[in-house]
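Colleague: Sequence:
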Amino acid sequence: MRIGVLSDIHGDLAALSRVWAQLAREGLTTGIVLNAGDNVGYGKSPEKCVQFLRDHPNIVNVRGNYDKHVALFPERREKYQKKWGRLRPDKYATLRDSSAAISDPSRAWLAALPDFEIVDAGVAQIFLTHYSPGSKEGLGDWTPESRLAELARNTEARIVVSGHTHSAFAGYGGGTLFLNPGTVGRNWNKRAEYAILTLDDNLSTRVELKSI
2 MRIGVLSDIH GDLAALSRVW AQLAREGLTT GIVLNAGDNV GYGKSPEKCV QFLRDHPNIV
62 NVRGNYDKHV ALFPERREKY QKKWGRLRPD KYATLRDSSA AISDPSRAWL AALPDFEIVD
122 AGVAQIFLTH YSPGSKEGLG DWTPESRLAE LARNTEARIV VSGHTHSAFA GYGGGTLFLN
182 PGTVGRNWNK RAEYAILTLD DNLSTRVELK SI
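The opening position of the sequence shown corresponds to residue 2 in this note's numbering, with each subsequent residue numbered one higher.
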């Protein structure tokens, strides 16, 4: 089984379209596709990105921090203003603008996304989250193997897929594969990142980290 994996779209429809077109060329848009969240924020097309995800029921989605903040912005405007208005005016502005740009159905969809999903991929279970199992810790190639092993104890899944850090990596801890596909949108080098996860019947796994 081959599975397309993506994360951190951040409202960038052009980048999402490039990744999806590449996954289509690989024959990976009709089966399970994993999306580790942060679908909105900073990009110019939050509504179109959310609508795209809603229109593809084969995409398994979880909620990122920007998804949560944008969905809750109308009721938490003052709280966010106090928290980020001065220290992170760019963050406050994108939460405000993204919230204003999405429809009520899209807001409800973002708000209803789960923090994690256990995905049955046949030969293995996959723990899909924006952060890490049982923690809001972002992971990357700097994360020690010992720490990955600790986090692996929080799930029985053989594979953990996460996002958040915009840093593509794959590594093992405690026999569990940890995969971050990188970031589709909001990448400093303007490239859209994604991954392809291959699971074989003999329980071997292979990860391809890609960018376009």
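A couple of the hints might just be wrong.
Here are the simulated SDA-like cross-link-like pairs (lysine to any residue), alpha carbons at most 25 Å apart as the crow flies [what the hints assert, rightly or not]: (1) K49 - A109; (2) K69 - T166; (3) K84 - E138.
Cβ pair distances, simulated, as ranges [claimed, not checked]: (4) G123 - G86: 23 to 33 Å; (5) S147 - G28: 14 to 24 Å; (6) E146 - R78: 20 to 30 Å.
Calculated from the structure, these hints are not laboratory results. Cβ atoms here follow ideal geometry from the backbone N, Cα and C, with glycine treated the same way.
Colleague: Please go over all the hints and tell whether each is borne out by the structure.
Modeller: Do the hints match the structure? See the list:
1. The hinted pair formed by K49 and A109 meets the criterion: a straight-line CA distance of about 15 Å does not exceed 25 Å.
2. At most 25 Å may separate the alpha-carbon atoms for a hinted pair to count; K69 and T166 meet this at roughly 17 Å.
3. Between the alpha carbons of K84 and E138 the distance comes to roughly 20 Å, so the proposed pair stays at or under 25 Å and holds.
4. Between G123 and G86 the beta carbon distance is about 48 Å. The supplied range of 23 to 33 Å is therefore violated.
5. Between S147 and G28, the C-beta spacing of about 38 Å breaks the proposed range 14 to 24 Å.
6. Distance hint check: the CB atoms of E146 and R78 are about 42 Å apart, inconsistent with the given range 20 to 30 Å.
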